[in-house]
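*Asks:* Chain by chain, the residues run as shown.
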Amino acid sequence: MSGNGEPGPGTPGPIWTPDPAVAARSGLAAFQAWCGERTGRNRPDWQAFQRWSVASFRDFWALFLEWSGLAFGGDPSEVCRGDAVETATFFPDLRLSYAENLLRPLPGAGDGAEAVRFADEAGAREVLARGELRRRVRAVAEGLRRLGLREGDRVVAIARNDAAGNVACLAATSLGAAWSSVSPDIGTGAVLARFTQLDPTVLFCCGSYPYQGVPRPIGDRVRELAAAIPSLRQVVALDPDPATGEGTGRPVATLADLALTPADDPAPWPRFPFNQPLFILFSSGTTGAPKCIVHGAGGTLLQHVKEHRLHCDLRPGDRLFFATSAGWMMWNWQISCLASGITSVLRDGSATHPTDDALWRFAADEGVTAFGTSAAYVQYLRDAEIVPRERADLSRLRSIMSTGSVLPDSAYPWARDNVGRVPVQSISGGTDLVGCFVLGNPALPVWPGEAQCLGLGMDVAALGPDGLPVTDAPGELVCRTPFPSRPVRFWNDPEGKRFHDAYFAQNEGVWTHGDRVVLTGRGTARVLGRSDGVLNVRGIRIGPAEITTVATTFEQVRAAMALEQAAPREPGGSRLVLLLVMAPGAALDRPLVLRIKKELSTRCSMNHVPAVVAAVPDLPATFNGKVSERAARDVLNGRPVENLAALRNPESLDAIRAHPDLAVR
Amino acid sequence: MDEQYAKLRRIVIDWLDDQVHFGEAEDKVTDDEMSFLKNGILTSLGFVSLIVHLEDLLRIRIDRKALTRENFDGLGKIVRYVLAHPDFKGVP
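As you go down the protein sequences, you meet chains A and B in turn.
My numbering applies: residue 8 is where the first sequence begins, and numbers increase by one.
My numbering applies: residue 18 is where the second sequence begins, and numbers increase by one.
Derived by calculation from the structure, the hints in this document are not laboratory data.
You may find that some hints are simply not true.
Simulated crosslink set (DSS-like; lysine-lysine; CA at most 27 Å straight-line) [said to hold, decoys possible]: (1) B/24 to B/94; (2) B/45 to A/605; (3) B/24 to B/55; (4) A/605 to B/24; (5) B/55 to A/605.
Some chain B residues well away from chain A (every beta-carbon gap over 10 Å; in silico) [what the hints assert, rightly or not]: (6) 22; (7) 26; (8) 47; (9) 48; (10) 49; (11) 50; (12) 75; (13) 94; (14) 97; (15) 98; (16) 101; (17) 102; (18) 104; (19) 105; (20) 107; (21) 108.
Just so you know, even glycine gets a beta-carbon here, dropped at the ideal spot from N, CA and C.
Construct the entire structure; sequences and hints are all you get.
*Replies:* See the structure below:
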């Protein structure tokens with residue numbers, strides 16, 4: 008193994024190692040050295056540094072806040088009030104503006120530097136300099152203020168992944184409103200289940216979106232949504248189409264209308280408490296409506312800046328592209344890159360239009376230096392035998408990131424041979440913390456299938472069956488000390504019960520994330536998948552209840568259970584299985600299967616459509632009548648059933664085991 | 018219609034129904050020679066999934082370099098390509 012990124016000779020070991028000279032110039036190295044000076048003790052060894060950042064997490068976050076140069080007011084001396092992960096509050100006396108920190112001139116990224124580069128599948132392009140983006144944001148914010156948007160309001164958006172969505176988000180949040188967005192391809196039922204919980208006052212929306220060369224209008228969905236949200240006072244069109252927002256029964260303005268009165272650019276940005284709600288994201292639990300996860304401005308910003316500058320080693324001049332939509336937390340993660348002077352590269356539309364290698368041609372055209380993707384897309388490239396380095400000039404590329412679902416070991420040599428000799432950084436965390444627990448590191452090697460390290464300041468552990476930390480063995484991913492991007496709360500959860508149940512009921516006092524992970528003795532992490540009933544389909548998290556609720560609306564269906572089954576041949580390495588117990592006299596025939604699938608695709612999304620729908624005589628249930636997804640999941644995935652003795656109908660598992668459609672090739 | 022052509026055609030239609038169109042594939046594919054891509058029947062991503070399915074089911078290997086619009090963009094083209102494949106032994 009050489010020190011310049013050359014791969015090893017095919018034996019087990021790192022597939023990439025950093026060039027020491029490059030690592031020494033990284034943001035991480037600079038911060039480590041600076042911390043050494045400030046604390047009087049150098050910790051050049053990564054693991055020692057990471058351990059210190061956890062053991063002395065207050066010192067770590069205080070020093071990082073100072074080193075990062077973020078703009079804030081108030082008193083940062085109280086870093087974290089309280090020691091319990093569930094209730095601790097970071098920087099209670101500090102005030103800041105998320106938008107100000109993203110848009111102000113920075114060393115190496117002044118007003119003339121590129122902020123956003125956008126293109127869609129049809130070839131539309133837009134490049135915005137930081138100064139121009141700031142002027143637009145301030146003008147739209149002034150328009151929103153005139154319309155009555157106030158601190159604490161919620162705004163929602165059905166947005167494309169374009170510059171207009173970024174402008175709207177930053178304008179609204181600059182006034183202290185909380186932003187929540189979905190992508191335009193999500194079904195009406197799913198949008199309603201999310202946005203109706205928030206009582207928003209403003210809806211931003213596009214009129215259509217392009218996909219595979221065809222404009223897809225969403226006017227009907229917008230009208231249905233507006234009709235279901237009585238609190239809505241204003242619709243703002245994100246595109247100039249005069250039809251956008253028509254028929255909603257609310258006043259409609261365009262972003263351009265809002266920006267007609269230029270704002271006073273030098274005026275100070277209003278600053279809000281560190282934990283002011285900034286983003287409301289949605290996560291699918293195993294039961295009930297999607298959880299509305301409220302993330303604070305300061306925690307989000309601090310976590311993202313740490314990840315971008317230290318773990319991803321990004322800086323002014325870098326161009327970050329992540330294949331995402333406005334409905335995934337990586338959209339929020341990406342927009343924060345502006346706070347580090349990084350150019351945010353956005354693309355809207357199909358990844359395979361107008362050509363099957365469209366994303367790579369786009370990356371080459373836009374000079375992308377950090378390319379973010381998912382295991383499902385990598386699997387597509389491999390199945391299609393596309394060799395990106397033969398299709399596009401990727402010479403500017405410095406790293407590939409992957410998240411959403413587990414990237415298999417074999418994807419690493421594939422990327423080396425077919426994309427380029429750059430590190431493949433597996434990053435994992437999620438919507439719940441709008442950031443990462445495990446991720447990349449410019450100074451460490453890359454081992455196939457593993458994230459390079461644990462996040463700085465993140466007290467991550469894997470708990471074994473006895474509740475004790477384990478190394479080199481599968482365990483439950485937990486975080487044991489407070490971290491700033493812990494959600495502020497759930498929306499509409501005044502007592503914090505749902506919040507507690509989601510993260511703190513399983514292991515009292517520590518954050519239990521719902522992932523199974525192996526933390527290795529060399530400090531890397533191998534994420535194995537979900538440990539709870541939440542489904543992860545091609546990187547999209549789906550609550551089983553979203554599927555079973557639709558399935559049980561069919562009179563032929565008495566009960567339903569949605570599960571994820573490992574399937575190495577499928578994109579993302581797993582497939583969605585829907586088990587049905589039929590009503591007396593009803594049979595599951597092909598027309599019914601197709602009708603259920605059609606209903607799921609319409610009311611939810613194509614990602615909610617199961618690969619397999621199978622009828623079974625009964626669902627496993629405990630003696631008190633609670634259905635046991637866990638037992639069914641164990642059987643589907645060929646694992647021993649841990650709670651067999653607790654089942655009143657263990658024979659139900661035999662039927663699942665023997666069903667021919669449930670065998671994985 | 019040749020029996021093998023008809024069987025292969027049914028396999029593709031069934032796959033489209035299972036994966037994308039949920040019972041409406043036959044109505045959408047109004048002509049075996051219509052373009053899947055231009056008419057929104059299938060995306061490039063979907064094409065790859067269909068190819069993997071055909072490979073698994075028919076135990077053939079399809080050269081990805083042959084995945085051109087001329088060879089694959091349409092029901093008739095897909096079926097004729099498979100029928101002409103040297104390893105194709107018939108629909109099981």
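*Asks:* Any hints from earlier that this structure breaks? Give me their numbers in increasing order, please.
*Replies:* When the structure is compared with the hints, none of them turns out to be violated.
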